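Peer 1: Sequence:
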Amino acid sequence: MAVTAMRRISLAFLIIISALVFAAGYAHAQNERAREIERASETIADIRESLDDDRLKNADEYETTLRELRDGSRRRLSAIERELEAIRVQADLLGPAPGENDPPESDIIASERSSLESERARLNGERTRVLANIYETGELLTRLSGARLGTLYRSLLERGKSPLAPSVWGGALGSASEVASRIGQYFSKWGDEKRSGGDYNFSVIIIVGALVLSFLMFGPVNRWVMNTFAARIEKSKPTPSRRIIVAGMKMAARTVPGVIGGLIIIETLRAQGLLTAEGISAARAFWIGVLSILVVSGFTAGYFSPSSADWRIAPIDEKRARAASHLAIAVAIILSLKTLLSAIGVAANAETDLLWLIWASGAIVIAVLVFALCRSALWRVDGEAAGGGWRLIRRFGRVLAILIIAAALVGYVRFADFVATRLCFVALFIGLAWILRAMLAETAWHMRRSLLPAEKAKDDGVSENFVFWSRLVINTLLAMALAPVFAILFGVPRDAVADIAGQALFGFNIGGVHIPSVAKLFAAAIVFVVIMAITRLVQSGLQKGPLAHSRADIGVQNSLTTLLGYAGLVIALFASISALGIDLGNLALIAGALSVGIGFGLQSIVNNFVSGLILLFERPIKVGDWIVTTSGEGTVKKISVRSTEVETFDRSSIIIPNSELISSTVTNWTHKNKIGRVIVPVGVTYDADPEQVRDILLECAKAHPLIVAYPEPYVTWMDFGQSSLDFEIRAYLNDISKGLSVRTELRFEIFKKLKEAGIEIPFPQRDVHIKSMPKEYDKLPDRRPEGDGEEGTDA
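At position 784 of the sequence shown the residue is numbered 1151 (my numbering), and the sequence of numbers has no breaks.
It should be emphasised that the hints constitute simulated quantities derived from the structure, not laboratory data.
Where hints are given, some of them may not hold.
[To be verified] Lysine to aspartate or glutamate pairs mimicking DMTMM-like chemistry, simulated, CA-CA at most 25 Å apart: (1) LYS1039 - GLU1000; (2) LYS1119 - GLU1058; (3) LYS1119 - ASP1017; (4) LYS1069 - GLU1079; (5) LYS1069 - GLU1027.
Quick caveat, the model's predicted, so the values are computed rather than measured.
Using the sequences provided together with the hints, build the complete structure.
Peer 2: Put into structure tokens, the structure is as follows:
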């Protein structure tokens, strides 16, 4: 017993010690986090002061520090939010606090609630400070990005020496000889190292083999791409999208070997030690330049298509197409050559005059080629220049080319080089996006044709809507993809673009409102579309499967599928709201606000909605029923949330609010079944035998194929009319919707039988007696002879 007691005391002691250590560690961690938050705030304040004083020499260091502070603050924010969520769960377990008139809770629960509220207040304070730090770091990073962008554009507008100045040429020539000497020393050093190792010949053979292999790849890969993809498309009818896709295939046929071959060459040179840190930038510039030339040559081969007029996109003849293609390829060659020479000059520590001359020469030559490419004479078709938007683009290109040449000649070389380079890259990326857009549009069109039934796929209205919305989605996605690329091209720092993209992807705050991220918006849209698509598939499966092979009538089938559609819509709405990160519990506030709106202005809408549900569940009317209402008569075509569509026998549609069908009288000819009665009134002369007439009418009714035997038809003698004996033949049909045609056919048959039996169908007769005539009657030139004072006429 003593041993057992000692064990219990030891266990309790260990638990107490562990709790104290955990509490001390937790308190230390909390204090350390508070100190980190405070230190981050102080550092941010120091950087803000430096930026306010325009001390931007340490801009890179400031940016690195701010990004580290922001990342640390985000980690602390995640930890704080996890702790707040744990406190919320614990508080929910305790239940709501007692009210004023409620009995007090126990001291233990009250103490626990108080400690939780104190901890929650402390964490909320830390959360507020961390959010402030995150906001301030973002603001300062934006200021740094703006300052860098301003510095870039100010440097572009700084005027330097004109490339025509003799001093520039003299300095450039001297620097060029030094660069050539350094390049020779670079290769000589590599050769000496290889010779000393005894593997010089082997390295040269490997490098030459890699070059030969890369160049030999162009033929087979080009033919494979063209025969596999482009040739198949060219067998079909040329359309705008297919022409662009063929241009893309020709571009890919030339670019893919360049990508693979470039990788082989660069990795081979690096493996053999020929590419060091100084030479890697030049090698990459060479590779990118070759790829640019291949991309442009492939694209121009498809766009201008000099050898195939049917697949030519450009609206020009063969001669002008070849000239335009050569000019576009020349622009790519000059741009690649300028980029390569600049990279070599920077790697070889060339003088500024040499780089200045390279930039100016490249910009001027590119501008001249662009001006020639934008000439109106190059784009004439049948003697007339192509108009529309292309005319404005060509004019803008010519003006920009003149501006580049003038800026370079007067000394704004950086500006001219920047504009010329960006002009080429913008055109390149727009061309790639154009090809991708056509491919996506053609893919979407083929998917539509394979998924939709043939009759809907040929519907012009549906096709136009699909083309519009598919192009809108594709253009929006491409614009979102090109926006960051163009921002980087025009000088916005990559980190700033990444921050903007991150805010778009992960959401941001405006005031106290959190704007959901683009990723969440897309996720919510995808969730909604997927659930609705699944709902439509289930509805279609039920209609074609179990319901089609059941005995349920069309109205019941429609009610079931409609209710299933409503259920899918509700599920899709709630699922998409959850995907946005919105707490569904907060919708109670929205429901309260809607209740006020319902009380004032939405009564009729809710009334119609509830009435629609009643119609679907109770089914007093169904799709396909023949109904008569105060609004009109016709066949029910659709029961929706707010209204019911009724098609009249004149093929017009009546939109009836659901509440009218519930609150007012509705005659439903086909409520339980389609059996209905038709009545054909018949009048015969007083000379006819009534029994013979009855037999003839019954004979006509029983002989009709659509009149049922039970209940059997019968004849009623309605009355002794003023001019006839009035009878009615009453008969029942299996389908009352055929009532009009049955009544018509019965009338034809009754008229025929009565005529054969010599029974007349009388018409009303009246005797009109004229007692006196006006005095003017005798003066009329066409008056009747005397003695005809009375005349009987039929009316």
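Peer 1: Do the alpha carbons of LYS1069 and GLU1079 lie within 25 Å of each other, as the hint requires?
Peer 2: With Cα atoms ~8 Å apart, LYS1069 and GLU1079 stay inside 25 Å; holds.
Peer 1: Is LYS1119 close enough to GLU1058, meaning Cα to Cα at most 25 Å?
Peer 2: Within the cut-off at roughly 18 Å; holds.
Peer 1: Please verify whether LYS1039 and GLU1000 have alpha carbons no more than 25 Å apart.
Peer 2: holds (18 Å)
Peer 1: Mind checking the alpha carbons of LYS1119 and ASP1017 for me, to see if they're no more than 25 Å apart?
Peer 2: violated (30 Å)
Peer 1: CA of LYS1069 to CA of GLU1027, is that 25 Å or under?
Peer 2: violated (40 Å)
In terms of the numbered hints stated before, the structure departs from hints 3, 5, listed from lowest to highest.
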